[in-house]
Amino acid sequence: MLTFELSPANDTRSGFGAGLLEAGKKNDQVVALCADLTGSLKMDAFQKAFPERFFQTGIAEANMIGLAAGLTIGGKIPFTGTFANFSTGRVYDQIRQSVAYSGKNVKICASHAGLTLGEDGATHQILEDIGMMSMLPGMTVINPCDYNQTKAATMAIAEFEGPVYLRFGRPKVTNFTPVDQKFEIGKAWHIHAGTDVTIIATGHLVWPAVEAALQLEAEGISVDLINIHTIKPLDEAAIVASAKKTNCVITAEEHNIIGGLGSRVAQTLAQHHPCPISFIGVNDSFGESATPDQLMEKYGLDSKSIYARVKMMKGI
Amino acid sequence: MSKSISELQSIASQVRRDIVRMVHAVNSGHPGGSLGCTDLFVSLYFKQMQHNPTSFDMDGKNQDLFFLSNGHISPVWYSVLARSGYFPVSELATFRKLNTRLQGHPTTHEHLPGIRIASGSLGQGLSVALGAARAKKLNGDDRLVYVLQGDGEIQEGQVWEAAMYAAHNKVDNVIAFVDCNGQQIDGSTDQVLSLGNIKAKWEAFGWVVLETNGNDLLALNTTIEEAKQLTGQGKPIMILMTTSMGKGVDFMEGTHKWHGVAPNNEELANALSQLEETLGDY
Numbered sequence: 001m002l003t004f005e006l007s008p009a010n011d012t013r014s015g016f017g018a019g020l021l022e023a024g025k026k027n028d029q030v031v032a033l034c035a036d037l038t039g040s041l042k043m044d045a046f047q048k049a050f051p052e053r054f055f056q057t058g059i060a061e062a063n064m065i066g067l068a069a070g071l072t073i074g075g076k077i078p079f080t081g082t083f084a085n086f087s088t089g090r091v092y093d094q095i096r097q098s099v100a101y102s103g104k105n106v107k108i109c110a111s112h113a114g115l116t117l118g119e120d121g122a123t124h125q126i127l128e129d130i131g132m133m134s135m136l137p138g139m140t141v142i143n144p145c146d147y148n149q150t151k152a153a154t155m156a157i158a159e160f161e162g163p164v165y166l167r168f169g170r171p172k173v174t175n176f177t178p179v180d181q182k183f184e185i186g187k188a189w190h191i192h193a194g195t196d197v198t199i200i201a202t203g204h205l206v207w208p209a210v211e212a213a214l215q216l217e218a219e220g221i222s223v224d225l226i227n228i229h230t231i232k233p234l235d236e237a238a239i240v241a242s243a244k245k246t247n248c249v250i251t252a253e254e255h256n257i258i259g260g261l262g263s264r265v266a267q268t269l270a271q272h273h274p275c276p277i278s279f280i281g282v283n284d285s286f287g288e289s290a291t292p293d294q295l296m297e298k299y300g301l302d303s304k305s306i307y308a309r310v311k312m313m314k315g316i
Numbered sequence: 317m318s319k320s321i322s323e324l325q326s327i328a329s330q331v332r333r334d335i336v337r338m339v340h341a342v343n344s345g346h347p348g349g350s351l352g353c354t355d356l357f358v359s360l361y362f363k364q365m366q367h368n369p370t371s372f373d374m375d376g377k378n379q380d381l382f383f384l385s386n387g388h389i390s391p392v393w394y395s396v397l398a399r400s401g402y403f404p405v406s407e408l409a410t411f412r413k414l415n416t417r418l419q420g421h422p423t424t425h426e427h428l429p430g431i432r433i434a435s436g437s438l439g440q441g442l443s444v445a446l447g448a449a450r451a452k453k454l455n456g457d458d459r460l461v462y463v464l465q466g467d468g469e470i471q472e473g474q475v476w477e478a479a480m481y482a483a484h485n486k487v488d489n490v491i492a493f494v495d496c497n498g499q500q501i502d503g504s505t506d507q508v509l510s511l512g513n514i515k516a517k518w519e520a521f522g523w524v525v526l527e528t529n530g531n532d533l534l535a536l537n538t539t540i541e542e543a544k545q546l547t548g549q550g551k552p553i554m555i556l557m558t559t560s561m562g563k564g565v566d567f568m569e570g571t572h573k574w575h576g577v578a579p580n581n582e583e584l585a586n587a588l589s590q591l592e593e594t595l596g597d598y
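Chains as they are written, first to last, in my numbering: chain A, 1 to 316; chain B, 317 to 598.
Just chain A, with the same shape it has in the complex:
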């Protein structure tokens, strides 16, 4: 059923902040580091509650990743926080050697991902981070879709042993997943069962996918709708099962179409159930300044674009 109990709209970064506070209350080994963006990352509640477990690193992200790796030696569970751009591209080698290859239990938490960062423009709007992090052996990559799911994901990764990349964003978005849901890393959320077309969405594109599905269902097009919040490890079984039903797949993500969810889904289906597939995402370009809504419309990352793509795929 495409009906949801809506919570007030909120930003996914606030979901992270709330989840971090809960994780900190639950386990005193949880520590947090931030590179001069404590307010933006909504880490202030954790900082206030656990000042001795909060590390302000200044504008020095490479050192922050190294500190986090070191803190695991002694049993700590470090959560690093900065914008997605500075969480990944800026520190790729530090994550690669000191975290991923070293197998350290560091949670790299990245806000302001994608176009919805808005007016600051392309320097800060990273659209390649899912690809970079997914390529690292042993890295778990999670991209939740709303406040409630981000909060649940944050609490879940605190209990998971191993390096994790957690990606979230800046603007307030529709908050439609259940409060206090159980978050299962690596398990797709089958939002709606259908037979004509599969829509697989992640992050900020999940709610627009729901809106498109509502419109399509009203027109008699049956939509199988899947939320992939964990891009790695990917729930391949859920994707293949859906493709076998519909033989028509559309992926939707706030990321370059190269290297993100769409690439992973295409690779999976090419091996296990080849079928027509189309990709909603940024078409190998940088972003630009504008409001989040204006950018999502211009770059075709909204419900209208998903709806139109389904119509095109079905030849209607």
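Bear in mind the hints are in silico, worked out from the structure with no lab data behind them. All C-beta atoms, glycine included, are put in the ideal place defined by N, C-alpha and C. Just to be clear, a hint being listed does not mean it is correct.
[What the hints assert, rightly or not] Straight-line Cα separation of at most 30 Å, DSBU-like style, residue types lysine-lysine; simulated pairs:
#1 B:Lys551 - A:Lys48
#2 B:Lys515 - A:Lys25
#3 B:Lys515 - B:Lys453
#4 B:Lys377 - A:Lys26
#5 B:Lys453 - A:Lys26
#6 A:Lys304 - A:Lys245
#7 B:Lys453 - A:Lys25
[Claimed, not checked] Computed footprint of chain A on chain B, listed as stretches where at least three residues anywhere in the stretch have a Cβ under 8 Å from a Cβ of chain A:
#8 428–441
#9 454–461
#10 470–482
Use these hints to put chain B onto chain A, whose structure you have.
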């Protein structure tokens, strides 16, 4: 574990034999810096550090920890770890070979006892050491964290992020070293990218800086003991350790040419003739 200076000398000679034999066997590796830093590794592992070679665990609670940031000098570390009991000395023969735990650069990936972080991509070890030092403080663990960097390595920007962090946060349970051999791959540090006044730089970043001769076991151990006395006083400690790259093998000394080159058969024989076999070759 605490040895006399003459015992350390004897161990160092064997470690230097191990180093040249290891790199010769696979015709690759980094003998120059390894030989230069042998006296430090032997001093730390056989005299200065409190550690448990036979029951290694990753967290190392209530033990002193050591991090090697300039991971390319892995031969000296592997030799000293084996000679102090972390793993069988015979395993040194597997260095850089297929399926070895003794990878070209140190890693946790193959679960070699004694290694707590991968290193080799330069500039990252000081940050890791500071994180481990902060974990010790949170855990109420009063043991120390040691970390070694190369002098060429401090051209990396991350080193100075870490330097600034340590002083601001009064990380006073860490003793860091810079191996000042004045050499890097493309030539001397003065030719490639001058480090200027290294002591003044670290002091300007808020560190207590000691200087010593890293190839004089007595001077080196005296300085480390002085550094230990200075811990716990609100400042991070740096020991600038002058060494001769290739120390102990005359034709390798004082030049960058042996940074990453292995000796051939004749050169190996020449080198071994200068290094007494004190503990038995592996």
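Notebook entry, point to check: For the stretch 428–441 of chain B, do at least 3 residues have a Cβ located nearer than 8 Å to some Cβ of chain A?
Noted result: holds (count 9)
Notebook entry, point to check: Given the hinted pair Lys551 (chain B) and Lys48 (chain A), is their alpha-carbon gap at most 30 Å?
Noted result: Between Lys551 (chain B) and Lys48 (chain A) the Cα gap is close to 26 Å, so the pair holds against 30 Å.
Item checked: Within 8 Å of chain A's CB atoms, at least three CB atoms from the stretch 470–482 of chain B: coverage verdict -> holds (count 6)
Next item on the list: Decide if the proposed pair is consistent with the structure: Lys515 (chain B) and Lys453 (chain B), CA atoms, cutoff 30 Å inclusive.
Entry: Judged against 30 Å, a Cα distance of about 27 Å means the pair holds.
Note to self: Please verify the coverage claim for the stretch 454–461 of chain B: does it have three or more residues whose C-beta sits within 8 Å of some C-beta in chain A?
What the structure shows: Coverage by chain A holds here, the residue count being 3 at a Cβ distance below 8 Å.
Check: When you check the alpha-carbon spacing of Lys377 (chain B) and Lys26 (chain A), does it fall within 30 Å?
Finding: holds, 23 Å
Note to self: Does Lys25 (chain A) sit within 30 Å of Lys515 (chain B), going by the straight-line distance between their CA atoms?
What the structure shows: Distance of about 44 Å is beyond 30 Å: violated.
Notebook entry, point to check: Is it true that the CA of Lys304 (chain A) sits at most 30 Å from the CA of Lys245 (chain A)?
Noted result: Within the cut-off at roughly 24 Å; holds.
Next item on the list: Verify the proposed pairing of Lys453 (chain B) with Lys25 (chain A), using a straight-line Cα cut of 30 Å.
Entry: holds, 20 Å
Notebook entry, point to check: Does the structure keep Lys453 (chain B) and Lys26 (chain A) at a Cα separation of 30 Å or less?
Noted result: holds, 21 Å
In summary, the one numbered hint that this structure violates is 2.
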